[in-house]
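Residues per chain, in single letters:
2 protein chains.
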Amino acid sequence: MNSIGVIGLGLIGGSMAKAISSHSGITVYGSDASEEIVKRAVAEGVLAGRLEDHFADIDALIVALYPTDVVDIILETAPRLKKGCIVIDCTGVKKSICVPLSEKLSDMGLRFIGGHPMAGKEVAGYANASADLFTGASMILCRDEHTDEGAVSEASEFFRSIGFSLIKVTDYDTHDRVIAYTSQLAHIVSSAYIKSSTLEDRYGFSAGSFKDMTRVAKLNEEMWADLFLANESSIVLQIDELVNHLMEFANAIEAGDRDKLVALLRDGRVKKENDELAEERFKKENA
Amino acid sequence: MNSIGVIGLGLIGGSMAKAISSHSGITVYGSDASEEIVKRAVAEGVLAGRLEDHFADIDALIVALYPTDVVDIILETAPRLKKGCIVIDCTGVKKSICVPLSEKLSDMGLRFIGGHPMAGKEVAGYANASADLFTGASMILCRDEHTDEGAVSEASEFFRSIGFSLIKVTDYDTHDRVIAYTSQLAHIVSSAYIKSSTLEDRYGFSAGSFKDMTRVAKLNEEMWADLFLANESSIVLQIDELVNHLMEFANAIEAGDRDKLVALLRDGRVKKENDELAEERFKKENA
Chain Y
1 MNSIGVIGLG LIGGSMAKAI SSHSGITVYG SDASEEIVKR AVAEGVLAGR LEDHFADIDA
61 LIVALYPTDV VDIILETAPR LKKGCIVIDC TGVKKSICVP LSEKLSDMGL RFIGGHPMAG
121 KEVAGYANAS ADLFTGASMI LCRDEHTDEG AVSEASEFFR SIGFSLIKVT DYDTHDRVIA
181 YTSQLAHIVS SAYIKSSTLE DRYGFSAGSF KDMTRVAKLN EEMWADLFLA NESSIVLQID
241 ELVNHLMEFA NAIEAGDRDK LVALLRDGRV KKENDELAEE RFKKENA
Chain A
1 MNSIGVIGLG LIGGSMAKAI SSHSGITVYG SDASEEIVKR AVAEGVLAGR LEDHFADIDA
61 LIVALYPTDV VDIILETAPR LKKGCIVIDC TGVKKSICVP LSEKLSDMGL RFIGGHPMAG
121 KEVAGYANAS ADLFTGASMI LCRDEHTDEG AVSEASEFFR SIGFSLIKVT DYDTHDRVIA
181 YTSQLAHIVS SAYIKSSTLE DRYGFSAGSF KDMTRVAKLN EEMWADLFLA NESSIVLQID
241 ELVNHLMEFA NAIEAGDRDK LVALLRDGRV KKENDELAEE RFKKENA
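Line by line, the protein sequences are chains Y and A. When we follow the working numbering, the leftmost residue of the first sequence carries the number 1, and every step to the right adds one. When we follow the working numbering, the leftmost residue of the second sequence carries the number 1, and every step to the right adds one.
Hints were generated in silico from the structure; no laboratory data involved. Among the hints, erroneous ones may be present.
Heads up, simulated EDC-like pairs for lysine to aspartate or glutamate below, C-alpha to C-alpha not over 20 Å straight-line [unchecked claim]:
1. A:K271 with Y:E200
2. Y:K271 with A:E280
3. A:K195 with Y:E279
4. A:K211 with Y:D267
5. A:K211 with Y:E280
6. A:K283 with Y:E200
7. Y:K211 with A:E276
8. A:K195 with Y:D275
9. A:K211 with Y:E76
10. Y:K211 with A:E222
11. A:K211 with Y:E273
12. A:K195 with Y:E222
13. Y:K284 with Y:E157
14. Y:K195 with A:E280
15. Y:K211 with A:E280
16. Y:K260 with A:E222
17. A:K211 with Y:D275
18. Y:K211 with A:E122
19. A:K195 with Y:E241
20. A:K260 with Y:E221
21. A:K271 with Y:E221
22. Y:K283 with A:D201
23. Y:K271 with A:E273
24. A:K271 with Y:E222
25. Y:K271 with A:E221
Turn these sequences into a full structure, and let the hints guide you.
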């Protein structure tokens, strides 16, 4: 790849642009709803210029916009791209993005891959973007029957070159089902956890576990609402499963059933220990 | 204070002994169910000797044992202590410890304070104890009508001198009610979160939020079962409240009610932002 375009220079797109210009020799062009951000990124040397002037040149396009804008903007932009251009979005759900784009872009001679960089921050915008946001993170790529395998290889190599330590290639159904658990549920739990009527009494009574539980309550509510609604059945299933497990604890405690309570806690501890071992193995196998 | 005794040299008691000998000029004596651990701590210079030989000398006694052992061991030890000795436990619940001890020890001429150091690790035992486990942490002290105010002042100064940045003086009912939220609920959520049927598919699909949600699932199930059972009504109330908040999310998502969902998420975000500001103010006021 010689040049890449980035649409949307917020936290994710801005970090992509910064990571590419810092960690690779690839030229980056960018566009954003704010002309000021584009000017700033050019002035900082992150961008080589405005993407609008280079649509026909770029070898790959990365789109990092709000979930509801991604499909429309990609379909608008597609006719201006050269044949064979790789197109990758960064949205946290994948079926609602891949289904309307994959076949259509393939028919236009473009090489679309659904993408999801597993990194973020509690703060948004270009000002918080960083060349190292993705260092050590996992990049998920979703393929289907319209996906160009060469594009997946090129994209994998590219994302590794800008800092990702792991490329997970999967399909959009698996992505949406698993991400409902690993990421979406965590944001809902954080948001629910902070709402306790005991919150305002907590000062002086809390340590790391409270902080960890509530960290991601600080989120962009418009974006996350759309992500949840685009993955409704999976996230509702995860909430239901968690609620059932929480009620097992409540019931054992209310019944004063110590054996049951110890068994529930032991099950959680053993699952966590096995999970850490499995993750280590997975990382070794995919290093 | 010239000398302090520590009963129970596990993670918490061991860290107390190490913190005192590293950060103060106070002599530390210790005892533990394992003679080997005592010998090791003496050899390492953490302890000046076996507590059994010095019960009548010490100015304060710190007890860091399993919740079910604390009251019995303190009552057994009390007659051997000199008048005026400060006695502090380190248990994660307070009413079930303070009620059977406070008046009784006061009548014996001892100065009891219920204690709870807000620090921990996912690993246990003396080998993992550290002189800096409490650095920057909060120490909770519970007083009631039998408490000696001088002892609370002396203890506060002492705990600050070994690294705690904040001393929270409260009563046992407040402690148990708030700790059910800030600490006990977090452990139950972690344990419930790790039990999802999707767990084994998560590799390559997770980032920091999953890690934070499940960190404290690695716990000592025997100890935590007793802590939960000793604080039954408060923890059940917290679980119920969390479940209700989770169900609000599930209902809004299932109904496709975007406005409601945005409002729920915004409420969580605003509460989290205000909470961070309130915590900063609290820390400044109590520095």
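Results of checking the hints against the structure:
1. The suggested pairing of K271 of chain A with E200 of chain Y holds, with an alpha-carbon distance near 10 Å, which does not exceed 20 Å.
2. Between K271 of chain Y and E280 of chain A the CA atoms are separated by roughly 36 Å; this puts the pair beyond 20 Å, and the hint is violated.
3. A hinted pair counts as satisfied when its Cα atoms are at most 20 Å apart, and K195 of chain A with E279 of chain Y qualifies at roughly 16 Å.
4. Using a Cα cut-off of 20 Å, the hinted pair K211 of chain A and D267 of chain Y holds, with the two alpha carbons roughly 18 Å apart.
5. This hinted pair checks out: K211 of chain A and E280 of chain Y have alpha carbons roughly 13 Å apart, not beyond 20 Å.
6. With a CA separation close to 14 Å, the supplied pair K283 of chain A and E200 of chain Y stays within the 20 Å bound.
7. This hinted pair checks out: K211 of chain Y and E276 of chain A have alpha carbons roughly 10 Å apart, not beyond 20 Å.
8. The suggested pairing of K195 of chain A with D275 of chain Y holds, with an alpha-carbon distance near 11 Å, which does not exceed 20 Å.
9. A distance of roughly 38 Å separates the Cα atoms of K211 of chain A and E76 of chain Y; the hinted pair therefore is violated under the 20 Å criterion.
10. A C-alpha spacing of about 24 Å is found between K211 of chain Y and E222 of chain A, which places the hinted pair above 20 Å, so the restraint is violated.
11. Taking the CA atoms of K211 of chain A and E273 of chain Y, the gap is near 12 Å; set against the 20 Å cutoff, the hint holds.
12. A distance of roughly 29 Å separates the Cα atoms of K195 of chain A and E222 of chain Y; the hinted pair therefore is violated under the 20 Å criterion.
13. The suggested pairing of K284 of chain Y with E157 of chain Y holds, with an alpha-carbon distance near 18 Å, which does not exceed 20 Å.
14. For the suggested pair K195 of chain Y and E280 of chain A, the alpha carbons sit about 19 Å apart, so the restraint of at most 20 Å is met.
15. Straight-line distance between C-alpha atoms of K211 of chain Y and E280 of chain A comes to about 13 Å, which keeps the hinted pair within the 20 Å bound.
16. With a CA separation close to 11 Å, the supplied pair K260 of chain Y and E222 of chain A stays within the 20 Å bound.
17. Restraint check: the Cα-Cα separation between K211 of chain A and D275 of chain Y comes to about 11 Å, which is no more than 20 Å; the hinted pair holds.
18. With a C-alpha separation of about 16 Å, the suggested pair K211 of chain Y and E122 of chain A falls inside the 20 Å cut-off, and the hint holds.
19. Among the hinted pairs, K195 of chain A with E241 of chain Y is consistent with the structure: their alpha-carbon atoms are about 9 Å apart, no more than 20 Å.
20. About 11 Å separates the Cα atoms of K260 of chain A and E221 of chain Y, which keeps this hinted pair within 20 Å; it holds.
21. For the given pair, K271 of chain A sits about 13 Å from E221 of chain Y by alpha-carbon distance, which is consistent with the 20 Å threshold.
22. This hinted pair checks out: K283 of chain Y and D201 of chain A have alpha carbons roughly 14 Å apart, not beyond 20 Å.
23. Proximity of K271 of chain Y to E273 of chain A is assessed by CA-CA distance (about 33 Å); at most 20 Å being required, the pair is judged violated.
24. A distance of roughly 16 Å separates the Cα atoms of K271 of chain A and E222 of chain Y; the hinted pair therefore holds under the 20 Å criterion.
25. Between K271 of chain Y and E221 of chain A the alpha-carbon distance is near 13 Å, which keeps this suggested pair within the 20 Å criterion.
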